[in-house]
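Undergrad: Protein sequences appear in the order of chains G and E.
Read in my numbering, the first sequence has 301 at position 297, and its numbers run on one by one without any break.
Read in my numbering, the second sequence has 1595 at position 196, and its numbers run on one by one without any break.
Calculated from the structure, these hints are not laboratory results.
Not one of these hints is a red herring.
If you want the ones that stay clear, here's a sample from chain G, every Cβ over 10 Å from chain E, calculated:
1. Glu-61
2. Arg-68
3. Gly-97
4. Pro-106
5. Gln-150
6. Phe-255
7. Ala-284
8. Phe-304
9. Pro-305
10. Ala-310
11. Arg-313
12. Leu-341
Covered stretches of chain G (chain E as the covering partner; in silico rule of three or more C-beta atoms under 8 Å from a C-beta of chain E):
13. 8-19
14. 192-204
15. 207-214
Here's a subset of chain G near chain E, in silico, CB distances under 10 Å, partners left out:
16. Leu-23
17. Arg-24
18. Asn-25
19. Asn-217
We put the beta carbon where it would ideally sit given N, CA and C, even for glycine.
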Amino acid sequence: MVRWRPYRALTLAILKASLRNPVASFGFFAALMLVLGGIKYLDSAQLSGPNLALADEASTPASRQLVYALRSTPSLSLTETSAADARNRVDAGRSDLAVVIPADFGATDATNHLLPAQVQLVYRAGGPGDRAAALVRAAVDRVDRQVQGAPPALAAASHVENVGVGLIDVFLPGLLGFNVIQAGLVVAAGAFATYRTSGALRRVQVTGIAPGNLVLANATVNLLLGTVEVAVMLAVAGLLFRHRIDLGSMFAVTMLGYLVFLAAGFAISGWVRDAQRAPAVASSVSLPLIFIGVLPAQFFPGPAAAAIRVLPISLVTHALHQLLQGAPGQDIKADLLALAGWAVVLLAAASRAFRWDPA
Amino acid sequence: MPPADPVVISVRDLRRSYGNVEAVRGVSFDVDRSEVFGLLGPNGAGKTTILETIEGLRPVQSGLVSVAGIDVAREPRRVSRMIGVQLQHVAFFDRLTLDELLRLFADLYECPARPEELLELVGLTRQRRMYARQLSGGQRQRLSIAVALVNEPVTVLLDEPTSGLDPQARHSVWELVSRLRERGLAVVLTTHYIEEAEALCDRVAILDEGRLIALDKPGQMVRALIESGFRREVEPLPASLEDVYLSLTGRAIREES
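Okay, chain G solo, but in the shape it has when bound:
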């Protein structure tokens, strides 16, 4: 039977001990946050070099000047193609920005003045297309000034698309899944096995308190720390990549997944009682799950995909992918229900498997 005073005391003690060991408690999380920063860097930095698909439908001196200006911009890589193909390349994610120079670009009137014309830009917001579009606009301005004085006649018109998948859409669900597997399954399995092997668990047992107090206290601390980690990761992802993601729903999905993996960790620590073996078993379970979690389901062959789809990690990442694509909350109801089912089954297994003794 769980009693308030022992439960509260154990929870505070474990929390205090965890906070006094920040490397063990938060090292892995810090590494994941660095990966998140790295993704942002790859997404926007020169490393990936914004890739332009350019269609020159004018072939006027002014348009050739613009193409030359863009070619000479060192951080841009340029592919010349047709207008339709340029748009297709952006849709398929092969180019970051489509630049279409219309046929009337650089055309002049009877008095040899430039007629107004607009270069069409198509790109996705929040990616390298943003920076490339700014560079193209600057180049258009330069050409306009070179070809004639004021007033400006040549400009760039942007069409910002909100389709397709960015790096963060691929990686954020995986990173969140990675974190819940590590913080739930691996940490819970290791902590209990260590308590048990060191004899600390037995020391608590001889006080006559029910094991449920310790299990619940440990789960509370893990959930508390996990809540903070998930909230920080989502907030940072929201700040870095999107102004509007459904943080509330994403938080609910991740925390439910976290509970499932915590229960799995406790179950493993019950079955594998050796402190040296428990982390190894937890890793051999978690590594394939992480692999499955990061890769989209279509990467796997038919029958395997169906089985993989019902694994907790796939349910978590699938629901997160859906939310990142802008799906409403009710679209992930099936995933949430299946996760809740896993949580019930694994919590029951964990409470059956729990043992005080090392052998």
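Fit chain E to the given chain G structure using the hints.
TA: Positioned in the frame of chain G, the structure of chain E alone reads:
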């Protein structure tokens, strides 16, 4: 308040098997208030099994074990709330200070916390803000005894409390055990050190292969042996090498940190 009945622990015809191996074969004894009771015997004699059965860590397969009149088999939880236990392998939650550990155990027993009093009793007041792993072996054993006293038990069970300690640390644990006796506690300890049993125990039980083969006061046992005609071939010197060692290095505890 200790119970009026002087008998605190009663073990009657205790038997315990592990598969085909009989680890304890019909052992009976009583332990009284203000008594230090030693369980002696070679490895595998059944000492730890008996101790762990009294502690409620192992079920009573056959026989009767009671503490302060309460049947351990029927109410193991109630018994564990009234006894103090020092385990053979001492381990505590890491990264908690001694003060915090004693408060934690008071919360687990749901009794008032008195860390200052207990740390003073075991001589660890200066170390109260240290972690258990920063203590020396002897200090850790004394901490373990302090933890065993958190719930104001009627009896304290000590499993090889001085194993692996240097002579100074061992003597400090002996002094502590004597103080527990003065407080009216029944103390049960297992040990491999015969001189420890002789110096510390009011009565000793000698076990071999799960059987109780002798039970008496150490002096009585020695007298009975002499009366049976036993004589040492070499007359013992009035001092031992341990006396030499202690007279050279002193009895003061050496703190490792």
